[in-house]
Amino acid sequence: MKRHFIFYLFLLTLFSENAHGVAYCSLRDPVAQIAQLFPGKTNQLSIVKAVDDSTRQKIQTALPRNDLHFSELGKHTLYIAMSGREPLGYVHVRSEQSKWGLVEIVWAIDKDLKIINYVFQRCRSSKRKFAEESQFKSLFIGKNYRELKALLSSDGVTANEAVLAKAQDAPELVNVVLRCALKTLLLTEMLWREELKKL
Amino acid sequence: MMKISHYNQLLAISTLLSGALIFASLWHQYQKVEKISRAHYESRLLVQTIEHVFTMSQLWLTTQDLLFSGQQTYLAKGITKQSEQLKKILINVKPKLTNSDNDLVQGLVVSIIKNDDIVNSFSHISAQETKSRQLTVAESDEVTALFVSDLEKLSKQISSENSVLSTQVNLAMANFKKLAYLVVSLYILLILFTVSCFSKYIVKPIENITALAQKPVQGDGSLEFRQKKAATEIITLSGAIQQFTEHITIEKSRAEQERLNVIRANDKANIIMDTIPCAVLLVDEQGLIKECNIETETLLHSDKEHIINSKVFDYVPALATLEGQFDSEIVLSNMEESLLSPRFDNPHIEFSGRKIVIKGSVNYLLTLSDINERKHSQKALSSLNEQLIHAEKLASIGQLSAGIAHEINNPVGYIRSNLDVLDDYFTPLMAYINLTKSSDKMTEAQAFYQQEDLAFILEDISPLISSTLEGAARVSKIIKDLGNYAHVDDKLPEVISVDELIGKSLTLVANELKYKVEITKHLEANVEVAGFPQKLLQVFINMLVNASHAIESKGRICITSSVEAQEVNICFEDDGSGITQENLKNIFDPFFTTKPVGKGTGLGLHIVRSIIEDHHGRINVSSKVGQGSKFDIYLPVHCGELIES
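Residue numbers (this note's numbering), protein chains in the order written: chain P, 1 to 199; chain U, 1001 to 1645.
You may find that some hints are simply not true.
Computed, partial: chain P to chain U, Cβ under 8 Å [as the list claims (entries may be wrong)]:
no. : residue
1   : Q36
2   : G40
3   : Q44
4   : K129
Each pair of labels, with its calculated beta carbon distance range [unchecked claim]:
no. : chain 1 : residue 1 : chain 2 : residue 2 : range
5   : U       : N1092     : P       : K197      : 33 to 39 Å
6   : P       : Q36       : U       : T1080     : 32 to 38 Å
7   : P       : Q168      : U       : Y1041     : 36 to 42 Å
8   : U       : E1051     : P       : N144      : 32 to 38 Å
9   : P       : K197      : U       : E1051     : 43 to 49 Å
10  : P       : Q36       : U       : I1113     : 42 to 48 Å
11  : U       : S1132     : P       : A62       : 16 to 22 Å
12  : U       : Y1041     : P       : K58       : 21 to 27 Å
13  : P       : E161      : U       : F1193     : 39 to 45 Å
14  : U       : D1117     : P       : A32       : 36 to 42 Å
15  : U       : S1199     : P       : E161      : 34 to 40 Å
Simulated from the structure, these hints should not be mistaken for lab results. By construction, the Cβ of each residue, glycine as well, lies at the ideal position given by its N, Cα and C atoms.
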C-alpha cells in the first residue's frame, strides 16, 4: 500500500507541472470545465502522453475515415478528476474540425471509459445550445467506444439514421460530436490505458 | 356532309391551329419554366457561392483556431487575406440578394472586419499575457459564432429560396410536361378524330364501293353502291355509280332481251328460210354464193358446203354476162323466168333479186323458185285453152254451118242450073261439030246452026261458064275460109293483113248478117300484124256474131280499122240491144252468158280476150242499153315479140 502511494506521488510529482502548466492539445485550460463536469472533484491529475505516428496508424485502422489530423500529433493531456485520492473520472479535451472551424469538446469519461458528459470549449455553431441539451447529450452519455461506433452509418464518419432522426436540427453537429467522442475514447484507451489501470 | 375539299381544309386548318396552339402554349409554358429555371440556376449559383463561403469560412476559422491554439502569429497574415476574400465574395453576392439577406451579408462583413481586428490584436499580445489572449480569443469566438450564425441564416434563407425556386422549377416542369402531354394528347386525339372522320367518310366509303365493285356478281346482280355517310363527292359519286350500274343492269336486261329477240328472230328467220318454198341465196358482188337455205340444196341438188362460195351463174347462166362475169343488173329482175344450167332435168326457175348492203358491202339477195310444175301446168292449161278455143270455134262453126251451107247452096244451085243449060247446049254443039267435021255437010251444018240458033248458044255459053266459075270460086272461097277457120293454127305466128282477115270473117258470117244487118266497113288500117290468123278470125267472127245476136230484127254494124300510134284499132260497133252496166263487168268472164240455156257457151268473149292478150293486145267495151255496143280491139302493129316468142 505504501509502495502504491509512493508511486502515485511520484506520478503526481512527475505530472503536476504539466497539469498546472501547459494544457497540451487544448486551447485553454479546461479546469473550469473539469469542475463543471465533475462537481465533486477536489483535485485533478494530468497525464501527458505523446501521440505519434504509430498511434495515428492504429487510430486510422480502427476508424478508417476518422483518423487523426497531423496537427493532433504530439503531446496530449488526460485529466483525472479526483476526489481526494479517489479518481472520479477522466477529462479529455479534443478538437474536431467542422464547418465552423475547430470544435473543442471537453469530454468527461468514467473509469469504464464511457462518456459521462461533455461541454464545448469552443463551438461556433448556432446549434451549440441544442447540442448542450440533455436530450442531445443522451445520444452519447453512458456509451463506450463500441456502443458509439454502432451509431455510425456505413460511411464511418456520419451518424446513422436513428441518431440523425433524434438530432434533426443539428445533423452536422451530431456528426462532429460523434466523431470527436469516438476518437477521444479510442485514444484514451490506447494511450492512457496502462496508466489508468494503475490508478 | 362535307366535301372532301372541306375535310382537307378542316384537316389543314385544325392541324395548323392545333399546332400553333400547341407551340404557343408550350412556348409560353417553356418561357415560364426558363425564367424560373434561370432564377433557380442563379439561386443555385448563390447557394454554391454561400457553400464556398462556408468552406472558406471553415478554413478561415480553422486557421484562426490554429493561430489561437498554436500561437503561430504568421498565420495572422493568411487570416487577413482570407478575410479579404470572404468580404469580396460577400460584397459580390450582395446585389443578387434580397434586403434581409443583404442585412445578413452586411453583418457578416462587419463580423469579419471585427474578427480581423481581434486577430490582429491577438498577434500583438505576448505569450505571457495568457488572460489577455484568452479574452481576445473569447471575443473572437463570440464574433465568429455570430458570423457562423449569420452565415447559417443566410445559407438557410438562400437554400430556402433555392428550394422554393427548385419547387417552382419542378412544378413548372411538371406543368410543362402535363401541358405537353395534354396538348400532344389533344393533338393526337384531334388527328385521330380527323383521320377517323377521313376514314369513316372518305376511305371507308371508297373501300365499300371498291369491295362492291370487285364482288362477284350474284343473283340479279343488283348492288347498292350508294353511300349515306360519306363526303359529298363520294355520295354523288356512289349515286352516279349506282345509276350507272342500274343503267348497265337495265341495258344488260335490254341487251339480253334483244339477244333473245335476235335468237328468236334468227330462229324464226332460219325457220322461215328453211321452210320458205323457194331457194334463197345471198350473193356477193362477184356472184359468189355466201349463204343459202335448205330449199337451195333441194333445187340445186347439192349440199350447202358445195354451194357456198360457188358462182351463182354456174347454176343460173342467165345471171352471167357475155364475158362470163356476174351480171349485177339482171340479178335485180323481179320474178324473171329463167333456166338452170343444162345439167338440171327440171331447169325452169323464176328468180328475183334485191340489192342489200351488209356492213358496207354490197350483196344481192336472190330467190330462185322452181316453176317446172307451173310450166307443166301452163302447158296443160294452154293445151286446154287451145282445146277450149277450138271447141268454141267448132261451136261457132256449127252455128254458122247453116248459113254457110246456104251460102254454098246458092252458087251451087246456079252452077247446077248453068251446067244444065250447058248440058243442053252441049248436044247441038256436038252435032254441029260433027257436021262440020265433014265438008260435005257444011250446008247441013249451016242449017243446023241456024236451026238450033247456035249463035245464041255460043254467045250464051261464055256468061254461063263465067257464072259457073264464079259460083265455084265463091263456094271454093267459102270452103277455103271455113277450112282456114276450122284449121288449127300453126304454132308459129304469121304475118296477117287485118283488113283481109276482117273480110274473111264477113264471108263466113254473111248469111248470118245479110237478112237483118247492114254492114258498113271502113277498113283503112292497111297494115299487117303478127299473129295466129285462125284465132284472130275466130275473134272477128265472134264479134260479128255477137253483134248480130244483139240486133233483134234490123240493125247496123259498123266495122272500122285504123292505125293509132303503133297499134291497129279494130272497132265493131252495133246498134243492138246493148249490155247493162252490171253485165259489162262480167262479159269477159268464162261461162258468163245472158243467153238462154243451151243457146250459148258463155266462153265467146272470154276466149276473145284470151286470144287478144296472147297477141299482146287489149279489148275495150262500151255499151248502152238500147243504143248498142262498141268493142275496140287494139293489136300491136307487126308484133316482133310475138314472132320471136
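Taking the hints in turn, this is what the structure says about them:
1. Q36: 16 Å, violated
2. G40: With Cβ-Cβ at 26 Å, over 8 Å, it is violated.
3. Q44: For Q44 of chain P, the interface hint is violated, since the closest Cβ of chain U sits about 19 Å away, which is over 8 Å.
4. K129: The hint is violated - K129 of chain P has no Cβ within 8 Å of chain U, the shortest such distance being about 11 Å.
5. U:N1092 x P:K197: 33 to 39 Å: The hinted range 33 to 39 Å is violated for N1092 of chain U and K197 of chain P, with Cβ atoms some 58 Å apart.
6. P:Q36 x U:T1080: 32 to 38 Å: 35 Å, holds
7. P:Q168 x U:Y1041: 36 to 42 Å: With Cβ atoms ~29 Å apart, the hint is violated.
8. U:E1051 x P:N144: 32 to 38 Å: 36 Å, holds
9. P:K197 x U:E1051: 43 to 49 Å: Because 47 Å falls inside the window, the suggested range holds.
10. P:Q36 x U:I1113: 42 to 48 Å: With a Cβ separation near 33 Å, Q36 of chain P and I1113 of chain U fall outside 42 to 48 Å, so the hint is violated.
11. U:S1132 x P:A62: 16 to 22 Å: For A62 of chain P against S1132 of chain U, whose Cβ atoms are near 40 Å apart, the range 16 to 22 Å is violated.
12. U:Y1041 x P:K58: 21 to 27 Å: 47 Å, violated
13. P:E161 x U:F1193: 39 to 45 Å: 53 Å, violated
14. U:D1117 x P:A32: 36 to 42 Å: 27 Å, violated
15. U:S1199 x P:E161: 34 to 40 Å: 59 Å, violated
Violated hints, in rising order: 1, 2, 3, 4, 5, 7, 10, 11, 12, 13, 14 and 15; the structure is consistent with all others.
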